[in-house]
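Peer 1: Using the sequences and the accompanying hints, generate a full structural model.
Using this note's numbering, the first residue of the sequence shown is number 1, and each one after it goes up by one.
Treat each hint with caution, since some may be false.
To be verified - With a cut-off of at most 20 Å between alpha-carbon atoms, the simulated EDC-like pairs for lysine to aspartate or glutamate come out as follows:
| hint | residue 1 | residue 2 |
| --- | --- | --- |
| 1 | K511 | D348 |
| 2 | K77 | E257 |
| 3 | K77 | D361 |
| 4 | K294 | D340 |
| 5 | K511 | D305 |
| 6 | K77 | E292 |
| 7 | K511 | E257 |
| 8 | K546 | D305 |
| 9 | K521 | E292 |
| 10 | K521 | E333 |
| 11 | K163 | E173 |
| 12 | K163 | E257 |
| 13 | K511 | D321 |
| 14 | K546 | D319 |
| 15 | K511 | E333 |
| 16 | K85 | E97 |
| 17 | K294 | E284 |
| 18 | K511 | D361 |
| 19 | K546 | D314 |
| 20 | K77 | E97 |
What the hints assert, rightly or not - Cβ pair distances, simulated, as ranges:
| hint | residue 1 | residue 2 | range |
| --- | --- | --- | --- |
| 21 | D340 | V552 | 21 to 31 Å |
| 22 | S313 | A13 | 42 to 52 Å |
| 23 | M309 | L536 | 17 to 27 Å |
| 24 | Q198 | D519 | 19 to 29 Å |
| 25 | I53 | R557 | 55 to 65 Å |
Derived by calculation from the structure, the hints in this document are not laboratory data.
All residues carry an ideal CB built from backbone N, CA and C; glycine is no exception.
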Amino acid sequence: DMLWRTLFGTAVATCCIAIYHGDFTRYCMLSLEIGVQEESLLTRFNEVPLYVIMGAMGGVVGTMFNNAFHFMNHHRKHFYGRLTKDRRAYCCCKMLESGLVSILTSTLMLAIPLNARWACRPLEVEDEDEEFDPGFTRRYNCPPGEINEIGSILFGSREESIKDILTNPAEFEPATLLAVGLIFLGLMMITFGIAIPQGMFMPTVLTGASLGGYAGLEFQRHFVSSVHPSDFAIIGAAAFLAGMQRNTVSLCVILMEGTGQTKAIIPVIITVVCARLVGDLLSEGIYEIGMELKGYPYLVHTGRDRYDMFVASDVMTADFDTVAEVETAGAIESLLLNSDHHAFPVVDGETGDYRGMVRRDQLIAALQCKIFVETIAGTGVEETERSICKGSGVRVRFPEEDEEGSDDDDDEEGQEDPVHPGGTLRRRYSSARRLPRLDDDVYSSQRDLALSDTMPDWDPNKPELVSPWLRDNVMTTSNSGDEVMFGMDETLPNGRIQTHNGAVVRVIRNKFVAFVSPDEKDMRVDVGLIMNRAALSVLAEHPLSKTYDLFVSMGLRHLPVLGEGRRV
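Peer 2: What follows is the structure in structure tokens.
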């Protein structure tokens, strides 16, 4: 809404300035150039209906292209979707389609100029001074001393062709501009979506400028002789781009900055607004269609005037799954398999109070990395310690040592274990302390023992058996140093170390799931370690209009609705 208001206000202000400095004695002419004006810098009121017609036609042509794009790529998606299991057939069909489109494009570009005798025109003197080679691609099949207009555009530089059409379309025959515009429009419909690098902006500008230049020549010949075809070439490009992409302000700025023709700002604004309105009435924009075909999550912008009558609880989803702060691996596996959600609210195991949000990929990563809460024998109470691991790192436990002084202030004690009531959950955050290096003398013997257990050929007197990178990446995972972890970066040499396999990840019904081994189903995962504790949420009585604004402006994918007692 704000963007449309800004564009409308700018257009009204521009027209008011042009009217104030215009000459009402000469057919109510408008101009942004103050002072004595040339005839080419003036815009008349009687041309405004032509701009509206150009905008409407641009919206219609853009809608035709968008519908063709959706039709072609929708069938491509279904056709290639049946070949995903056969990779060889999939690649062959992709290459075959690209080859057929290339053959068709080459055939059209060769056949049309060959049979377009009306496209030949005499070679003018100034044409000989141009950098373009006046050889076969310009003369093509025309007699000596003539050039082929269609051949010059199709086989020449696209940038030079666009510049020539935008600068002076009167140099070309109207049939030439119409043929070029229709050729590129048809080729764009069948080309966009195949497996080759492709751009959209330049072909669209060339198509719109050609059709706009043709319309300008026809308007000048049959309706208003004072119109300038070069203005209509820019207007045609703006109309086609706005009808296809549904851009407004950015499109006006791009065309004005790219062409430098500020005299056409008023016609371009009128045309873009009309093309956008007509296009929105007929179909969606090209980008919305592309996101739909790709399956990207996208919230459709709808009118929110009636949202003030509702609250968040009126539109929320009542059927959802939650995860406890400490959950078993088997329960998480079942949740991922039976649910299609991308994220899950994390609640307290006893009270059900909302704690945060955890995504599906984070739960899968926790199962893969085996971020489990292991039970350790305590002195009268049950204690648990988080086991930290990276990738498929190896944990090696050393003989127990005296742990005097190991209880620091950053240990969390006294919190009741949510899985085993009556026990105490004790978490040691080793990242909050400085990890001792294993290359110190204190740990050298322990390192040798660990390496000898995992590598039978390890000899403390021959450290070259293990790369320096591996020795530097041996870390402790507990403060007392009784457990170490080896980094397992596959891009660097890591010696011969046995690894523990994590959860198996599969794609079932277009969603990622993880399967753990039977021995690990009863292991507990500390979801509180990986959840987002600062996830945004709203109350059940929160107005729907403000909820919608929060969801859209923050780009959210999930927004929990909380009732009394912070329960989801």
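Peer 1: Does each hint hold? Answer for all of them.
Peer 2: Hint check:
1. K511 / D348: Violated, at about 26 Å.
2. K77 / E257: At roughly 38 Å apart (the allowed maximum being 20 Å), E257 and K77 break the hint.
3. K77 / D361: Violated - the C-alpha atoms of D361 and K77 are around 26 Å apart, more than 20 Å.
4. K294 / D340: holds, 18 Å
5. K511 / D305: Roughly 36 Å between the alpha carbons, so the hint for K511 and D305 is violated.
6. K77 / E292: holds, 12 Å
7. K511 / E257: Judged against 20 Å, a Cα distance of about 46 Å means the pair is violated.
8. K546 / D305: Roughly 11 Å separates the two Cα atoms, so the pair holds.
9. K521 / E292: violated, 38 Å
10. K521 / E333: holds, 8 Å
11. K163 / E173: Holds: K163 and E173 sit about 16 Å apart, inside 20 Å.
12. K163 / E257: The given pair, whose Cα atoms are some 14 Å apart, holds under the 20 Å limit.
13. K511 / D321: holds, 16 Å
14. K546 / D319: With a Cα-Cα distance of about 23 Å, the restraint between K546 and D319 is violated, given a limit of 20 Å.
15. K511 / E333: holds, 13 Å
16. K85 / E97: Holds. K85 to E97 sits at ~19 Å (cutoff 20 Å).
17. K294 / E284: Holds, at about 15 Å.
18. K511 / D361: Cα-Cα ~10 Å, so holds.
19. K546 / D314: Holds, at roughly 14 Å.
20. K77 / E97: Distance ~13 Å between K77 and E97 Cα, so the pair holds.
21. D340 / V552: 21 to 31 Å: This hint holds: roughly 23 Å between Cβ atoms.
22. S313 / A13: 42 to 52 Å: holds, 45 Å
23. M309 / L536: 17 to 27 Å: Roughly 23 Å apart at Cβ, these two residues keep to the hinted range, so it holds.
24. Q198 / D519: 19 to 29 Å: Since Q198 and D519 have Cβ atoms about 52 Å apart, the given range 19 to 29 Å is violated.
25. I53 / R557: 55 to 65 Å: violated, 43 Å
This entry does not satisfy hints 1, 2, 3, 5, 7, 9, 14, 24, 25, going by the numbered hints stated previously.
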